[in-house]
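K.L.:
Residue-level listing of the chains:
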Amino acid sequence: MNLALKDIRHGLFRFVLTCFGLGLLMTVVLAMIGIYNGLVSDALAVVKAPAADVWVVEAGTKGPFAEASSIPADTRDAVARMPGVAEAGAVNYQNLEAPHAGRTLRLYVVGYESGRPGGPQAIAEGRGIGAGHFELVADRKTGLLPGETIRLGRNRFTVVGLVEGAMNSGGDPAVYVTLADAMALQTELDPAAQRVQAARGAVSVKSASVAAIIARMSPGADVDLLTATVRQWKHLAAMTQAEQEELLLASVVDKARRQIGLFLGILLSVSAVVIALIIYTMTMEKLKQIATLKLIGAPDRTIIALIVQQALILGASGWGIGLMLILAVKDYFPRRVVLEPFNVMVLAGIIAAVCLLSSALGVRAAMKVDPATALGS
Amino acid sequence: MALGDILIEVSNVAKHFGEGETRVDALRAVDLTVRAGEVIALLGPSGSGKTTLLNIIGCILAPSAGRVVLDGEPVFDGKWLRRDLRRLRLDKIGFIFQSHNLLPFLTAQENVAVVLDLTGLPAEEGRTRARELLDYLEVGHRAMVKPALLSGGEAQRVAIARALANRPRIILADEPTAALDGARAGLVMDLMRKLAAEQEACIVTVTHDEKIFDRFDRLIHLRDGHLVSA
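So the sequence lines, in the order shown, correspond to chains A and B. UniProt numbering puts the first residue of the first sequence at 1, with every later residue one more than the last. UniProt numbering puts the first residue of the second sequence at 1, with every later residue one more than the last.
For reference, chain A alone in the conformation it holds in the complex (with noise of 0.2 Å):
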């Protein structure tokens, strides 16, 4: 006879709404995970869709996520023809807002050379860029569709596909242009600011400066080499994938990422006492019963599984209430909540940890009840 079961049938309406409750708080907790998760997701997603192997940028700089970079876009021909060097290519980053269908739009420009590395991994719907000017492949957050127009600068650019998952350490998702329209969009003024230089004399310079070269090395070509021959270069930088990404993470999200990280913490201490409180009280509930239980002969692992089986099922619960009401809200949330089945399991074994710990109270508890209590009124 499962004690643990029937005691929860008995009170079932009162069980289903703790573990309500508790799914509720553990939504939260899958939540700030997520959350967690999607911060560092994004701001990698950028940095990982070129699949570059060595980052080019500006000496002295940690461009061109952390700080600007500038370089000569002919760099890239330099690149390109060092030892090992499989293909590279310039590429451009910028913010900006657009008007669209009466709401403004923040998206994130990536100016990349068709054909060459930087620009987008895969296209999920239509097709890449192809023709020389005004095309754009935007991130499908953006709302946009194949074959709508959008105004960026001072010129109109038709949607020719769609992408998944690119977008800045912001969150702002990104839309692709050639690095021809990346560079007009960076330097053209808006008529009336280019009358005015005019009327000043001043001479309008195309500038003809990327952020960074993208290069992707041959198989078995070493990296640390170029890097190496690149850095004697006085006015170039270069770095790899993988110092790229550690540097975005330890700048640009590191205070956010660790904000997350630290009310995570608390809200899983908050959690682990809330679940020790419920489990506690429960068997503080049943004193009277267990003493009755020991004193028609109930041993001692009788009383605890009926403690251990109900916090084990509370917490199960909770997690499972918790992990279904994520799922069915993640994608309403403004940025990407990314749940991966280790963080899930992880909770899952914290959640068991923490019930086991907080009925081993309610046992201690239970353990030290004398069976005569049973016998009193």
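Since the hints were made in silico from the structure, they are not lab data. Be a bit skeptical, because a hint or two may be false.
Derived list of chain B stretches under chain A, where covered just means 3 residues or more per stretch with a C-beta under 8 Å from a C-beta of chain A [what the hints assert, rightly or not]: (1) 55–62; (2) 107–116; (3) 213–221.
The beta carbon of each residue, even a glycine, is placed where N, CA and C say it ideally should be.
Put chain B on the given structure of chain A with help from the hints.
P.N.:
Using the frame of chain A, we list chain B on its own:
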């Protein structure tokens, strides 16, 4: 009625609580023997040591001195002679409480079957035995009802069924009729007597209920921890 084996043998049992100036002697050199089939009552004013003696016989409380033999097995002689006292209670002793103390999350039938389940009896056999007992005690029609929905008399019958489920030879009852009116109290006592006779068990009851005194074979008076008449 012919009396059988000695089921309870309490020799020179004493129990005190506290030491020095705070010492209270709850029992002083009590001797008591109860045979199979006997139904006895422990009487006395509050603090006379009735419940202490009942708890000692029930292996819930260790005496300070003396010897206790239950169903031919020495269980205490200056110290407990068995470590698994709960198993001893499960095998040999049935308890009936003033407030029936049924487990609220189990049905009447489950409350009886739980004892059998603890002994390792297969669930189906346990259910059958529980149902038979409840039928015998005329509460079989309430077998699937939770204790909260039982009347006082019904709950006490279920408690009796639970106490008898494992066919214990020693039944200890603490004010079993306190919550019942005179007629029901008499019926419950008659039923307990009948079952005790059938199971060759003895019943030791702590009671103040004068209405049922005529249902006992012996009335044992306790005063200040002494057994004053038997």
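K.L.:
Which hint numbers doesn't this structure obey?
P.N.:
3
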